[in-house]
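Participant: Go ahead and model the full structure; you've got the sequences and the hints to work with.
Take 1 as the starting number for the first sequence in the working numbering and just add one per residue.
Worth flagging that the hints you see were computed from the coordinates, not collected in a lab.
Okay, derived cross-link-like pairs now, PhoX-like style, lysine-lysine, Cα gap no bigger than 25 Å in a straight line:
1. LYS135 - LYS57
2. LYS283 - LYS165
3. LYS94 - LYS81
Distance windows between CB atoms, simulated:
4. VAL185 - LEU4: 49 to 59 Å
5. GLY317 - ARG425: 27 to 37 Å
6. GLU267 - GLY245: 32 to 42 Å
Nothing here was measured: the structure is a model prediction, and the numbers come from that model.
Even glycine gets a Cβ: it sits at the ideal position worked out from N, Cα and C.
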Amino acid sequence: MNELKKVRLEKLEELQEMGVNPFGSRYERTSRAALITQNFTELEGQKVKIAGRIMAKRRHGKAGFANLEDITGSIQLYFRKDDVGEEKYELFKKLDIGDILGIEGEVFRTQKGEVSVHVRDMDYLSKSLNPLPEKWHGLKDVELRYRQRYVDLIVNPEVKEVFVKRSQIIKEIRKYLESKDFLEVETPMMHPIAGGAVARPFITHHNALDMELYLRIAPELYLKRLIVGGLEKVYELNRNFRNEGISTRHNPEFTMLELYQAYADYEVMMELTEDLISSVMYKINGTMVAEIEGHEIDFTPPWRRIPMLDAIKEHTGLDFMTLTTDDQARQAATKLGMEVKAAATRGELINEIFEAFVEDKLIQPTFIYGHPVEISPLAKRNAEHPEFTDRFEVFILQREIANAFSELNDPIDQKSRFLKQVEKRAGGDAEAHMMDEDYINALEYGMPPAGGLGIGIDRVVMLLTNSPSIRDVILFPTLRRRD
RNA sequence: GGGCCAUUAGCUCAAUCGGUAGAGCAGCUGACUCUUAAUCAGAAGGUUACAGGUUCGAUUCCUGUAUGGCCCA
Numbered sequence: 001m002n003e004l005k006k007v008r009l010e011k012l013e014e015l016q017e018m019g020v021n022p023f024g025s026r027y028e029r030t031s032r033a034a035l036i037t038q039n040f041t042e043l044e045g046q047k048v049k050i051a052g053r054i055m056a057k058r059r060h061g062k063a064g065f066a067n068l069e070d071i072t073g074s075i076q077l078y079f080r081k082d083d084v085g086e087e088k089y090e091l092f093k094k095l096d097i098g099d100i101l102g103i104e105g106e107v108f109r110t111q112k113g114e115v116s117v118h119v120r121d122m123d124y125l126s127k128s129l130n131p132l133p134e135k136w137h138g139l140k141d142v143e144l145r146y147r148q149r150y151v152d153l154i155v156n157p158e159v160k161e162v163f164v165k166r167s168q169i170i171k172e173i174r175k176y177l178e179s180k181d182f183l184e185v186e187t188p189m190m191h192p193i194a195g196g197a198v199a200r201p202f203i204t205h206h207n208a209l210d211m212e213l214y215l216r217i218a219p220e221l222y223l224k225r226l227i228v229g230g231l232e233k234v235y236e237l238n239r240n241f242r243n244e245g246i247s248t249r250h251n252p253e254f255t256m257l258e259l260y261q262a263y264a265d266y267e268v269m270m271e272l273t274e275d276l277i278s279s280v281m282y283k284i285n286g287t288m289v290a291e292i293e294g295h296e297i298d299f300t301p302p303w304r305r306i307p308m309l310d311a312i313k314e315h316t317g318l319d320f321m322t323l324t325t326d327d328q329a330r331q332a333a334t335k336l337g338m339e340v341k342a343a344a345t346r347g348e349l350i351n352e353i354f355e356a357f358v359e360d361k362l363i364q365p366t367f368i369y370g371h372p373v374e375i376s377p378l379a380k381r382n383a384e385h386p387e388f389t390d391r392f393e394v395f396i397l398q399r400e401i402a403n404a405f406s407e408l409n410d411p412i413d414q415k416s417r418f419l420k421q422v423e424k425r426a427g428g429d430a431e432a433h434m435m436d437e438d439y440i441n442a443l444e445y446g447m448p449p450a451g452g453l454g455i456g457i458d459r460v461v462m463l464l465t466n467s468p469s470i471r472d473v474i475l476f477p478t479l480r481r482r483d
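Facilitator: The structure is reproduced here in structure tokens:
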């Protein structure tokens with residue numbers, strides 16, 4: 001144990017010897033730190049009771065100052081031996097930065113003009129035993145910041161701001177969807193069959209049922225069962241789990257909004273997406289244009305809409321309207337310098353070329369639509385070009401933000417798509433879809449045509465808070481355990 | 001999974017060519033009844049991530065491990 005902690009433990013004992021409980025209980029506050037400054041004219045000379053954490057202390061012999069912080073901000077405290085008495089002044093002298101106090105005193109303004117509380121009485125609410133990081137530089141070590149987010153939140157005010165904003169963003173999304181009559185539902189997080197996305201799942205085990213379960217990779221198939229059931233407009237805003245690598249844009253558990261609207265299609269979803277994200281942007285930041293990582297991003301709708309094949313043509317010169325066979329596609333991809341698997345299909349290569357040559361060019365909000373059917377096993381085929389689907393993804397600042405499509409409601413086509421996925425799986429693709437007979441069964445009862453949309457909430461929060469890493473918008477990001 | 005980088009006092013950071021590991025903040029002792037990164041004086045605080053190796057001598061060079069960061073897959 002380090003010296004600093006020992007000193008604090010000794011102080012704790014001294015407090016107890018003085019008859020002071022270092023870990024107090026309920027404290028009725030009459031005001032808050034920042035409110036005192038805001039309402040100074042009404043509060044001047046009035047008695048207030050506040051509580052919070054001591055973040056700075058300046059002592060001058062028989063008087064001194066401290067700063068107390070609560071959720072609203074900071075307020076200066078003024079202690080005078082003559083006013084609080086010998087015993088309480090001893091307590092003030094023993095105060096450590098980090099201690100949590102209840103304070104009673106009068107509001108006044110110091111000679112230098114700072115609104116402060118002239119302390120008359122103080123209660124210990126919690127003695128802090130661990131020393132806090134430095135007041136000026138805060139906590140910089142990113143590993144410590146993630147592992148001990150509580151310390152990060154205490155000393156780095158901008159971190160608190162990000163997570164307050166995150167909460168506001170999610171609240172605004174819910175308000176928006178409620179105003180459009182969407183019903184918020186909760187579907188299982190533990191799935192007997194992991195479906196609805198291309199990803200590897202986490203596996204867990206139910207003891208009583210002696211059954212393997214998967215943490216969900218997406219709620220999609222359950223939400224569409226509800227569309228079959230007639231709920232018409234549903235959404236779920238909650239966690240998904242994918243057993244994949246960790247990066248600045250990936251966390252194994254992440255928050256996703258999925259919504260489904262009966263009798264709509266992917267074009268309705270485009271309108272909804274740009275309206276939802278831009279209006280939340282405006283509500284949160286008061287502007288449609290944001291400077292993010294050196295780029296000026298304009299969220300004003302309508303956003304650019306461009307077919308995937310046109311985007312590829314724009315950035316590589318390749319026209320896949322004329323490259324119609326798998327063979328031609330493989331040759332073209334090889335020419336671009338890509339490593340091409342012998343069995344790669346045209347649709348798969350279109351997707352790979354898009355990811356390799358187009359994605360990182362997409363800065364402004366852009367709808368990319370018309371994805372190949374091979375990589376879209378749950379999306380409706382395009383009426384004119386059945387090898388493509390009525391699907392889109394939204395990219396902002398090179399990041400995939402949303403994914404949506406007209407939902408495939410033909411159970412026979414869906415079954416054959418599943419079978420193709422099962423084949424891929426058998427061929428070693430751990431991300432390929434599993435067969436879900438019950439989902440087919442649901443579709444066989446008849447699912448109205450519907451538009452579906454998924455939005456990566458963490459990535460939206462990253463954009464709206466100008467955070468370069470997903471770990472900056474997740475309170476407790478996944479880390480390796482440290483023993 | 002691969003590449004590069006980082007790890008030094010509670011925190012933020014130094015340390016020349018391989019030669020006794022330093023500072024600021026915090027903490028401790030003392031002075032100070034309007035300071036606000038308070039000031040002044042003094043003393044203290046280190047398994048240099050961990051395990052090896054090379055060397056008379058390693059924070060420094062080499063190997064491995066751990067954790068983290070960035071990039072790539």
